[in-house]
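*Asks:* These are the residues of each chain, in order.
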Amino acid sequence: MPDLTRRDLLLRATALGCSAAASPLITPMAFASAPTENRLVVIILRGAMDGLDLVQPYGDPGLGAARAGFPIGPEGGASDLDGFFALHPGLSDLWPLWQAGDLGFAHAVSTPYRNQRSHFDGQDLLEAGTQAGTAGSSHEDGWLNRLVQTLPGARRDTALAVGTEEALILRGRAPSVAWSPASRLALSPATADLLSMVYHDDSLFRAAYDDAAFYSALLHGDFSGPDAGEDGMMAMAESLRDGGRTVTPRSLAGFAAERLRADARIASFSIGGWDTHRAQQQRMGGALRRLAEAISELRAGLGRDWDRTMVMAMTEFGRTVRINGSGGTDHGTGSALIMAGGALRGGQVFGDWPGLGEGDLFAGRDLMPTRDVRAYAAWAMAGLFGSERATLEEHVFPGLDLGDDPRIMA
Amino acid sequence: MTLAAPLAQIRFGTGLIPGQPASTVEAMLSDLAAADSVAASFPQDSYETRMAFARDFTRATRARRDSDAADEAFLTIRRQLYDDLTRQLTITLARGVADPSGLRDRLTWFWADHFTTVGKRNIMRGGIAAYVEEAIRPHVAGRFGDMLEAAILHPVMVLYLDQERSYGPNSVSGQRRGADLNENLAREFLELHTVGADGGYSQADVRQMAELLTGLGIGDAGLAFRPNNAEPGPETVMGRSYGGADPAALSEIRAALHDIALRPETARHISAKLADYFVSDTPDPDLLEAMQAAWRVTDGNLHAVMTALMTHPAAQVPGPGRVKRPLHLIASALRALDIPAEGIARAPARRIRRFVERPLAAMGAPWQGATGPDGYFDDDAEWIQPQVLAARIGWCMTTPAALRPRLPDPRIFVQDVLAGAAPPDLSRAAARAESRAEGIGLVFAAPAFQRS
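Read top to bottom, the protein sequences are chains A and B. Sequential numbering of the first sequence, starting at 1, is according to my numbering. Sequential numbering of the second sequence, starting at 1001, is according to my numbering.
Derived by calculation from the structure, the hints in this document are not laboratory data. These numbers come from a predicted model, not from an experiment. Where a beta carbon is used, it is the ideal one built from N, C-alpha and C, also for glycine. Mixed in with the good hints there might be a few duds.
Negatives, chain B to chain A, calculated, CB over 12 Å [as the list claims (entries may be wrong)]:
(1) D1066
(2) R1087
(3) S1241
(4) L1262
(5) V1297
(6) D1380
(7) G1439
Looking from chain A toward chain B, a few residues come up when the C-beta cut is under 8 Å (computed) [what the hints assert, rightly or not]:
(8) P35
(9) E166
(10) L194
(11) S216
(12) G386
Covered by chain A, per the in silico footprint, the following chain B stretches (three or more residues, Cβ under 8 Å) [unchecked claim]:
(13) 1169 to 1177
(14) 1358 to 1369
(15) 1443 to 1452
Starting from the given sequences, assemble the full structure and let the hints guide the process.
*Replies:* Here you go:
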């Protein structure tokens, strides 16, 4: 074969019975040395996650007063964290991580977004990582992309957006890879070869097709069996019929972990389902279980690299302190940040607690933010990648005051 | 000498329908100047209809906590909204398939993207198609200034770019509330809609433009002008003074929009974007000059600008050009498969979701869901990222067989849909495919069909 592509190499490796990552044939090309051994995963929780329900300040009398009817604290089934905060039972599968110091939270955090309480604008600002009033403009790039711009030796596959939506957080000048487990390319071997021929003279299509085939094979193990013909078409038809629906947070996390073990160092994906205007007790539990599955999957998939990993799950804003008339909560301001990974000095709830008394609330209704959520992300980047303070305050998060080191790194 | 009709219809329209004669460049341009009969055959929602619906929707949303029945009513009207959004896509697609050449649809899609709006709140979620229908489509062969006015002053745009929250700091309302400008619309107006990012304006011009636009708001009947929100005094934008009447008037904003529409920077920015969309991402300077000259001579008549583009020698070079946007790809594939537009218009929402709406999202162009006011991707490389190319290939391989009981012979099909200009490798691949479905899929997935 005159023109060896990564796919060709991969096919040969598979035919030889090697796993893709272990194959000496493809290691030099596909998995050249990454700029760092540390890893950062950012999970965007879309819909405004209720931090007060996730990490319940049951030691604050204001909580019980505002939320009579919600189960609260250890008496309501939550796990006591430190005598003041308790963890919603939806994350109980992560309890061993908390005990091992691999799970922690920062409370009363927010972006600079205030008062408007629109999911879309709030998410734009969270992903842009800029000051309020600037997000959503057309040439905005995302803060993870700006981070990648500062990493020496970063390559196209250093940063990965997982999922089918465009990820603003990774949009920008630095190249990155976007892939979803739903983007499966299930072709019969013969059709795959014919497509290679058809794409051969168009360099744009050829390069993208090689990458698509590479990721698809890596994730889905396609192009392998001799009988893949009919099966391939069936699988393709199935994945098309299912649209994006079969993609779960667990599958997104599993794919992210696989790439992070190989050549990716930064990954981001989203989990929705947090907009609990009503029936919060059921909906919050379900959303948290999906988040727990995703974090568990990351930990399992990352293996020993978990020790060099920081996972941060953040949301656009929090929810009202008081319960509304339909067993839910409405759009608020301060929320909580979830952190996990072996790189975390966990087992604690970080942050200054503003209190839930009458005069303590933001606009008389929301948890008052006491720290910018970007400061935690910035300190994590300083710890993981050695990013300088000036770089973080001027380039990655322009306008941010990093403040004191919250000492979140292990 | 213009392109042969079939190649012209591939480049400037929505592609060939086997067995039907293709339009020449001249025929396309004369159709474009004539009445829009396709729109009449496939009517789209009006803004009034959507406003009435939005009021019902808001009522149902507020009432949903009252009782189980009210909650059920809310769920019903929400399903109706989703069905309406899908139906708007269905109509948009059916028109692109029904039109003899598809030029008017390509232009409508271009301008809807140029003046992108996204549904953030109730009123707007169902209103985007009406906005395109009322502010964009009637003007694609008219004066740019008229389209600019219709788009910028449409309630959907005013709401999308937060103009109704903008107060002149020295206006009556601004003083009373201590409120200030919101620069969102003003900035995008200069950067995206008119003179362009390299149009030579400063932050001070953005600020002045924002002051000029104060007063635009939304009332029950649509656009409202609120003199109490308007910054007093004239504003100077890029060296020219606008407004200053007391009390402030909407007509001052209109006059400014029409003046900026005629600026050479606007002509240059828009001409380059149109040439980029239809011909090449590195367009011939002489082509751009011809388009700008047409703009100058006709005061921004877009039919004249398109004539300059479509008849220029640089636009006649045969061979695969720009990558088709996802809706264009799907419309051209449905035409190639000879799926009748009437059948598309009658298709149930669930089929449109499965074969069109979800695939559009997977290809990077979620229906009415651009990520920002700059619209969908611009670069071919973005449209052909691995992940979205996989979605294109998947659609091409599986959808044709699901839509047509008996697929054509790929060996003949490959010549029919590419006007006999199929590259030899593609003809060979189509002939060697393991099944008809895969043969058709290869043709659709090939650069020769993916590009126009």
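*Asks:* Next, verify each hint and record whether it holds.
*Replies:* Here's how the hints hold up against the structure:
Non-interface call for B/D1066 relative to chain A: violated, since the shortest CB-CB distance, roughly 9 Å, does not exceed 12 Å. A cut-off of 12 Å between C-beta atoms confirms that B/R1087 is not in contact with chain A; the least separation is 19 Å. At roughly 27 Å, the least C-beta separation between B/S1241 and chain A is larger than 12 Å, which holds for a residue marked as non-interface. Against chain A, the non-interface label of B/L1262 holds: every CB pair exceeds 12 Å, the least being about 23 Å.
Annotated as non-interface, B/V1297 keeps its C-beta farther than 12 Å from every C-beta of chain A; the closest such distance is 31 Å. The beta carbon of B/D1380 sits about 6 Å from the closest Cβ of chain A, which is not more than 12 Å, so the claim that it is off the interface is violated. Chain A draws B/G1439 into its interface by the beta-carbon criterion, the shortest separation being 9 Å against a cut-off of 12 Å. Nearest Cβ of chain B to the Cβ of A/P35: about 21 Å, over the 8 Å cut. The hint is violated.
Contact between A/E166 and chain B, as hinted, is supported at the beta carbon level, the nearest pair being about 5 Å apart and thus within 8 Å. At a threshold of 8 Å, the smallest CB-CB gap from A/L194 to chain B is about 4 Å, leaving the interface hint in force. Evaluation of the A/S216 hint against chain B yields a held restraint, the C-beta minimum of about 7 Å falling below 8 Å. Checking A/G386 against chain B: minimum C-beta separation of about 30 Å lies over 8 Å; hint violated.
Beta-carbon proximity to chain A at under 8 Å applies to 0 residues in the region 1169 to 1177 of chain B; the threshold of 3 is not reached and the given coverage is violated. Only residues whose beta carbon comes within less than 8 Å of a beta carbon in chain A count, and the region 1358 to 1369 of chain B has 6; three or more means the coverage holds. Judged by the Cβ-Cβ criterion of 8 Å, the region 1443 to 1452 of chain B is covered by chain A as claimed, because 4 of its residues qualify and three suffice.
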